[in-house]
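S.K.: This is what each chain is made of:
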Amino acid sequence: MYKQYLRQAWQLMKQNRFFSAVYIIGTGLAISMVMVMAIAYHIRTANMAPEVHRDRMLYVSFLEYAKDKSTSSFFFSARSAKECLLSLQTAEEVAVTTDPTIMSILAGESYARLSGTGDPYKVVMMGTNDGFWRIFDFTFIDGRPFGEPEFQSALPRAVISSSLARKIFSRTDVSGQAFLLDDVEYIVSGVVEDVSYITPAVVADLWVPYSCLPTVMETGNSEREASLGFLVGCILPARGVSEEEVAHELDEQIRLYNSTLRDGKIRLMNGLEAHGRHVVSQFAGGSIGSGASGANGMNPVNVLYFVFFLLILLFLLVPAINLSGLNASHMQDRIAELGVRKAFGARRTGLFMQILIENMVLMLPGGLVGLLFSYLLILLFRNLLLVPGVFVMMMGGANIDLTPGMMLNLPVFGYAFLVCLVLNFLSSSIPVWRAVRVNIIDAINS
Amino acid sequence: MFKHILKLIKAQGKSNAWVFMELLIVFILLWWSIDATLMQGITALQPEGFSVDNVCKVTLAVRPRTSASYVNYQEGSEEVGKNYLRIIERLKMHPDVGTVAFFGPHSAPFNYSSNSRTCWNDTVSAVNSLRYTVTPDYFRVFDIHAVDGGSPDLLADALADGWVVSRTLEEKLVDGAHLQGKRLAWDNKGDSTTYRVNGITVPIKKQGFDQPRPVVFTLLTEKDLYEADERELGQMQIAFRLRSGVTGSSDYAASFKTEMKQSLAAGNFWLADVQYYPDIRGKFLDNTMQVNGQRLNIAVNAFLLVNVFLAVIGTFWFRVNRRKGELGLRMAVGSSRRTIRQLVVGEGLLILTIVSIPALLLCLNMAYADMLSTVVMKVTFGRLLVVSLLTWGILAGIIFLATWYPSRKASRLEPAEALHYE
Numbered sequence: 001m002y003k004q005y006l007r008q009a010w011q012l013m014k015q016n017r018f019f020s021a022v023y024i025i026g027t028g029l030a031i032s033m034v035m036v037m038a039i040a041y042h043i044r045t046a047n048m049a050p051e052v053h054r055d056r057m058l059y060v061s062f063l064e065y066a067k068d069k070s071t072s073s074f075f076f077s078a079r080s081a082k083e084c085l086l087s088l089q090t091a092e093e094v095a096v097t098t099d100p101t102i103m104s105i106l107a108g109e110s111y112a113r114l115s116g117t118g119d120p121y122k123v124v125m126m127g128t129n130d131g132f133w134r135i136f137d138f139t140f141i142d143g144r145p146f147g148e149p150e151f152q153s154a155l156p157r158a159v160i161s162s163s164l165a166r167k168i169f170s171r172t173d174v175s176g177q178a179f180l181l182d183d184v185e186y187i188v189s190g191v192v193e194d195v196s197y198i199t200p201a202v203v204a205d206l207w208v209p210y211s212c213l214p215t216v217m218e219t220g221n222s223e224r225e226a227s228l229g230f231l232v233g234c235i236l237p238a239r240g241v242s243e244e245e246v247a248h249e250l251d252e253q254i255r256l257y258n259s260t261l262r263d264g265k266i267r268l269m270n271g272l273e274a275h276g277r278h279v280v281s282q283f284a285g286g287s288i289g290s291g292a293s294g295a296n297g298m299n300p301v302n303v304l305y306f307v308f309f310l311l312i313l314l315f316l317l318v319p320a321i322n323l324s325g326l327n328a329s330h331m332q333d334r335i336a337e338l339g340v341r342k343a344f345g346a347r348r349t350g351l352f353m354q355i356l357i358e359n360m361v362l363m364l365p366g367g368l369v370g371l372l373f374s375y376l377l378i379l380l381f382r383n384l385l386l387v388p389g390v391f392v393m394m395m396g397g398a399n400i401d402l403t404p405g406m407m408l409n410l411p412v413f414g415y416a417f418l419v420c421l422v423l424n425f426l427s428s429s430i431p432v433w434r435a436v437r438v439n440i441i442d443a444i445n446s
Numbered sequence: 001m002f003k004h005i006l007k008l009i010k011a012q013g014k015s016n017a018w019v020f021m022e023l024l025i026v027f028i029l030l031w032w033s034i035d036a037t038l039m040q041g042i043t044a045l046q047p048e049g050f051s052v053d054n055v056c057k058v059t060l061a062v063r064p065r066t067s068a069s070y071v072n073y074q075e076g077s078e079e080v081g082k083n084y085l086r087i088i089e090r091l092k093m094h095p096d097v098g099t100v101a102f103f104g105p106h107s108a109p110f111n112y113s114s115n116s117r118t119c120w121n122d123t124v125s126a127v128n129s130l131r132y133t134v135t136p137d138y139f140r141v142f143d144i145h146a147v148d149g150g151s152p153d154l155l156a157d158a159l160a161d162g163w164v165v166s167r168t169l170e171e172k173l174v175d176g177a178h179l180q181g182k183r184l185a186w187d188n189k190g191d192s193t194t195y196r197v198n199g200i201t202v203p204i205k206k207q208g209f210d211q212p213r214p215v216v217f218t219l220l221t222e223k224d225l226y227e228a229d230e231r232e233l234g235q236m237q238i239a240f241r242l243r244s245g246v247t248g249s250s251d252y253a254a255s256f257k258t259e260m261k262q263s264l265a266a267g268n269f270w271l272a273d274v275q276y277y278p279d280i281r282g283k284f285l286d287n288t289m290q291v292n293g294q295r296l297n298i299a300v301n302a303f304l305l306v307n308v309f310l311a312v313i314g315t316f317w318f319r320v321n322r323r324k325g326e327l328g329l330r331m332a333v334g335s336s337r338r339t340i341r342q343l344v345v346g347e348g349l350l351i352l353t354i355v356s357i358p359a360l361l362l363c364l365n366m367a368y369a370d371m372l373s374t375v376v377m378k379v380t381f382g383r384l385l386v387v388s389l390l391t392w393g394i395l396a397g398i399i400f401l402a403t404w405y406p407s408r409k410a411s412r413l414e415p416a417e418a419l420h421y422e
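So the sequence lines, in the order shown, correspond to chains E and U. Numbers 1 to 446, taken from the numbering used here, label the letters of the first sequence in order. Numbers 1 to 422, taken from the numbering used here, label the letters of the second sequence in order.
Next up, chain E with everything else stripped away, as it sits in the complex:
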């Protein structure tokens, strides 16, 4: 029976070439727009090496220090990170890193060069702890990451990306070699494959223990300067531990930390952010204090969700109206045929389903075209879609390595098929239902 439907649909497609072409382009367009959003969503939220635990990861960033009536907000300092984050019992692993963008603005750019006469190269430098290498899955070409002993004793060790290794040393098997980072000698402990802005939590050209960085470690004497700093955290909860339990322990740690302060108090501003929320708040600009427990007005993250929802609706609704119009015109031509079928005993629901399936068949090539077109759009708009806006703005463009695996995978195809189904239902149901309801006699007469 369905084979019959399919054959009939194919015949109809061949007969009405113009209609089929318009229909396929129309669906392709609608699907490509929604798919662009779906693919961007997938690339930003699915587990992707080195960020292989995105589904479980919790992020902490903005910290507020309040004393009397004055408040200042920034990230964690080495001390507050050590006492509040690194000591978490409910976490399987905690990565504490600097934010390279903010660091380069506030503490100056970093330059790496070969000892002696080498040319300095501007680099994106990230200070990390040793847990960073256990949470994130980097591909080492040479050597190994620095471990806890190196981190604790602040040994100048660095993991560098293969492209930086090629720039400085002209080769990649360089572990054990020395180079100068801002005129301080570091030893290469490992070389990793390049990471791009697709994984914004880890992107850099080289990674060093943050315990080596004077800007992070040498804080002022005041409580405020000792509590606020350049560090952000990624927490991987232990298996079987819920987000609430981690949040609870973190609150407790912050309370303990506050009990050691004499003048003021620190407070976590955006709370623990799961990956999806983290991405959206970065998209919103991640401004300091955004979404601070919804004190006044709407939470910008929720506003953004609403905007995305409206966009998807728009991208689906306009083409759906479009295709409905086409369907309505097309149906008028087929009312006579439907009348004959009905006269021979076909039921309304049967006819309805048949035409819906026919349209679905017509839509699938459109879906394929749309999916291909959306890949093109993703490539064109990758700076806008795949990278937190702040990076692009501050860094003046960002390198993005897209691999086929990011776009050609089951979830993406699944989204595409789902969008086809929804669009088909939106665009066909009303015109088709009206057509199959026409009285038999009127239908045959028409």
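Hints in this document: simulated from the structure, not taken from any laboratory. Fair warning: there could be bad hints in the mix.
[As the list claims (entries may be wrong)] Where chain E lies over chain U, by a calculated footprint (3+ residues, C-beta under 8 angstroms):
1. 21-32
2. 63-69
3. 202-209
4. 286-295
5. 374-382
[Stated by the list, open to error] With a straight-line Cα cutoff of 27 angstroms, these simulated DSS-like cross-link-like pairs (lysine-lysine) come out:
6. U:283 - E:167
7. U:92 - E:167
8. U:223 - U:57
9. E:122 - U:261
10. U:257 - E:122
11. U:324 - E:14
12. U:7 - E:122
13. U:92 - U:223
14. U:82 - U:261
15. E:122 - U:57
16. U:82 - U:92
17. U:283 - U:257
18. U:378 - E:14
19. E:67 - E:82
20. U:82 - U:223
21. U:57 - U:82
22. U:324 - U:7
23. E:67 - E:342
24. U:257 - E:167
25. U:261 - U:283
26. U:57 - E:167
27. U:324 - U:82
28. U:57 - U:182
29. U:57 - U:324
30. E:69 - E:342
31. U:409 - U:324
32. U:172 - U:182
33. U:172 - U:378
34. U:261 - U:10
35. U:223 - U:182
36. U:172 - E:122
37. U:92 - U:57
38. E:167 - E:122
Bear in mind that the values here come from a model prediction, so they are computed numbers and not experimental data. Quick reminder that beta carbons are idealized off the backbone N, C-alpha and C, glycines included.
Dock chain U against the given chain E, drawing on the hints supplied.
M.R.: Relative to chain E, chain U alone:
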């Protein structure tokens, strides 16, 4: 003809409903985004107030304390500031260099860091303004002129014992009345220091795609240099304008860097980079929210317009097919092929015009509800008219394109053949 088409549209009622609905939505969305685009276009055409052609930016880096070659100075030693000035002097000595200016980290054009303070006039009126801390040569390097046409040299002299402010500040603070010679202050307590306004510059933009903001230029003195520590000095910006006759480029900046690497180092400062300023400008503008937003805007609108095209071409194609008999009859009783084409195209355009009435009502409501940005200009009748005409025009163009093929098909019918269908 007009009335006749109206009757036709009415008769087609139901099958036009979908086209009506789609046109209504697209008209409103397009209207809104054309307004936004127009405002951005106007902003982009406004002068930036300064010029970066033939200007290069020099970036110094500071060796951290952990470095083996770190030179230790006593706290409060003037040697650090002297080292910085040594580098500036050596830079000035280069034969290609015309003027050198250095300024605070928030005082450069085309970056996101800014320092804003409230500027008060007689404790009465205040305006939030950008504070640029600069050496007098800043005006020569960036070729900033006075609002009355005065040369950069005049402004440089004016900075010596007072403030130089931008025309925008004058407009915002005293509604465009003259500020020249008046005294302004950073706060509104009566006893605070006031500064004499010695010069007014043209309106100055900070980020290219923004509106000019009020700017206060204050003098960066040698004393400030000696009081700053190495890290603060390292964040200061240095820019130089090439002597006339020398043309700058990206390659020039790169070779300048190689040439001066040795001599532009003193104490813990060393030369990290020399960039050609137009490159900085280009890269900055290419990545602003405005430009990226504009690209997205164009993509969304292209999507909407293609949809309209498909809807109209699809509907009219079917309609012409179905009305073959009627069209044949028209031809048989003397309609020319041209009249038939006009009939089809006219029907499309008339549908648009009918839709634009409720659509414009909704748009005007949007304008009335303050949903249009008034940063660039107020919402005037002229602005609404231009935007509405543009919207209608673009949609009319699309509809004309979309009805062209069906109308051609209709006019090519052979009357005898067409009448077969009756």
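S.K.: Hint check: residue 257 of chain U vs residue 167 of chain E, CA-CA at most 27 angstroms. Holds or violated?
M.R.: At roughly 18 angstroms apart (the allowed maximum being 27 angstroms), residue 167 of chain E and residue 257 of chain U satisfy the hint.
S.K.: When you check the alpha-carbon spacing of residue 223 of chain U and residue 182 of chain U, does it fall within 27 angstroms?
M.R.: Answer holds: residue 223 of chain U to residue 182 of chain U is near 26 angstroms, not above 27 angstroms.
S.K.: Given the hinted pair residue 57 of chain U and residue 324 of chain U, is their Cα-Cα distance within 27 angstroms?
M.R.: With Cα atoms ~71 angstroms apart, residue 57 of chain U and residue 324 of chain U exceed 27 angstroms; violated.
S.K.: Count the residues of the region 21-32 of chain U with a beta-carbon closer than 8 angstroms to any beta-carbon of chain E: does the count reach three?
M.R.: Result for this restraint: holds, n = 5.
S.K.: Mind taking a look at whether chain E covers the region 286-295 of chain U? Criterion is 3 or more residues with CB to CB distance under 8 angstroms.
M.R.: It holds: at least three residues are needed, and the region 286-295 of chain U offers 6 whose Cβ sits within less than 8 angstroms of chain E.
S.K.: Are the Cα atoms of residue 82 of chain U and residue 92 of chain U separated by 27 angstroms or less?
M.R.: holds, 15 angstroms
S.K.: For the pair supplied as a hint, residue 324 of chain U and residue 7 of chain U, confirm whether the alpha-carbon distance does not exceed 27 angstroms.
M.R.: holds, 18 angstroms
S.K.: For the pair supplied as a hint, residue 92 of chain U and residue 57 of chain U, confirm whether the alpha-carbon distance does not exceed 27 angstroms.
M.R.: Satisfied, since the Cα-Cα distance of roughly 13 angstroms is no more than 27 angstroms.
S.K.: Given the hinted pair residue 57 of chain U and residue 182 of chain U, is their Cα-Cα distance within 27 angstroms?
M.R.: Not satisfied, since the Cα-Cα distance of roughly 34 angstroms exceeds 27 angstroms.
S.K.: Is the hinted pair residue 283 of chain U and residue 167 of chain E satisfied, with a Cα-Cα distance of at most 27 angstroms?
M.R.: holds, 23 angstroms
S.K.: Take the C-alpha atoms of residue 92 of chain U and residue 167 of chain E, compute the straight-line distance between them, and say whether it is at most 27 angstroms.
M.R.: violated, 32 angstroms
S.K.: Does the alpha-carbon distance linking residue 122 of chain E and residue 57 of chain U stay inside the 27 angstroms limit?
M.R.: OK: residue 122 of chain E and residue 57 of chain U at ~15 angstroms, within 27 angstroms.
Figure legend: structure checked against the earlier numbered hints; hints not met, in rising order: 3, 5, 7, 12, 18, 23, 27, 28, 29, 30, 34 and 36.
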